[in-house]
Amino acid sequence: MRPSLILAFLAAVFPLVATPGASLTLVVREVTARGRGRALPIILGTVTGLYVHATLAIAGLSALVMHSSTDFEIVRLLGAAYLIGLGVHCWRTVPTPPGDGTPAEREPRGAVASYGQAVLANVLNPKAASIFLTLVPQFLDVHHELAPQILTLATAQGLLVAAWLTGWTVVLSGANRFLASARAKGRWKRITGCVLIGLGLRSALA
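When we follow the numbering used here, the leftmost residue of the sequence shown carries the number 1, and every step to the right adds one.
Every clue listed holds true.
Mimicking SDA-like on lysine to any residue, the simulated pairs with C-alpha atoms at most 25 Å apart in a straight line are:
#1 Lys127 x Ile74
#2 Lys127 x Gly85
#3 Lys127 x Gly167
#4 Lys127 x Ile58
#5 Lys127 x Leu7
#6 Lys127 x Cys194
#7 Lys127 x Leu16
#8 Lys127 x Trp164
#9 Lys127 x Phe14
#10 Lys127 x Thr48
#11 Lys127 x Gly198
#12 Lys127 x His67
#13 Lys127 x Asp71
#14 Lys127 x Ala12
#15 Lys127 x Pro137
#16 Lys127 x Thr152
#17 Lys127 x Leu5
#18 Lys127 x Ile197
#19 Lys127 x Ala81
#20 Lys127 x Gly21
#21 Lys127 x Thr155
#22 Lys127 x Leu140
#23 Lys127 x Thr19
#24 Lys127 x Gln149
Derived DEER-like restraints, expressed as beta-carbon distance ranges:
#25 Glu73 x Asp141: 32 to 38 Å
#26 Gly198 x Ala12: 22 to 28 Å
#27 Lys127 x Thr70: 15 to 21 Å
#28 Gly167 x Leu78: 28 to 34 Å
#29 Pro148 x Trp91: 41 to 47 Å
#30 Ala81 x Leu135: 24 to 30 Å
#31 Pro3 x Val142: 15 to 21 Å
#32 Val142 x Trp91: 46 to 52 Å
#33 Gly37 x Gly85: 22 to 28 Å
#34 Ala59 x Gly85: 24 to 30 Å
Treat the hints as calculated values from the structure; they're not laboratory data.
No residue lacks a Cβ here, since even glycine has one placed at the ideal position from N, Cα and C.
From just these sequences and the hints, can you work out the full model?
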């Protein structure tokens, strides 16, 4: 695949990548609460979700979902419910300042859980699927095998997403000392919860 086509694709997809969504919200939640190391599972999970969409596009299943209104609605509502559930979870696990007589936040389930959340957030996002059905085809050469081209573009997008989320991780890590108190973490988790719930409602009502 010609490098010029890959660069053109990245230029076209970047505005979508830069639009704040569930993946960035999860990175904000994890980095501000537990440090920069917890961004890696989110980044890996998001990239994994891209490869899932690429695989479905190759198999033609994404086209089936996007062209069947019933199936599309099911995927959209599942994604919306998942985002709302994550948002509610953020609100319920807000850390409390020491000495207020309430239990501290539970120990997180670990990196595997964060990875799974990021995978689901991406896989259940119809907008991510639509990229491989509306944008990717514009950069494919029908005279060559489609699967390698789709995987190449998915890899390019994955690297772009990883770089974007890593950049945010660095920024958040630099500001983390200002966000280290339980009170500040609580504010961030409430903001994160509101954003996730808002994303879910927007998806459900779209």
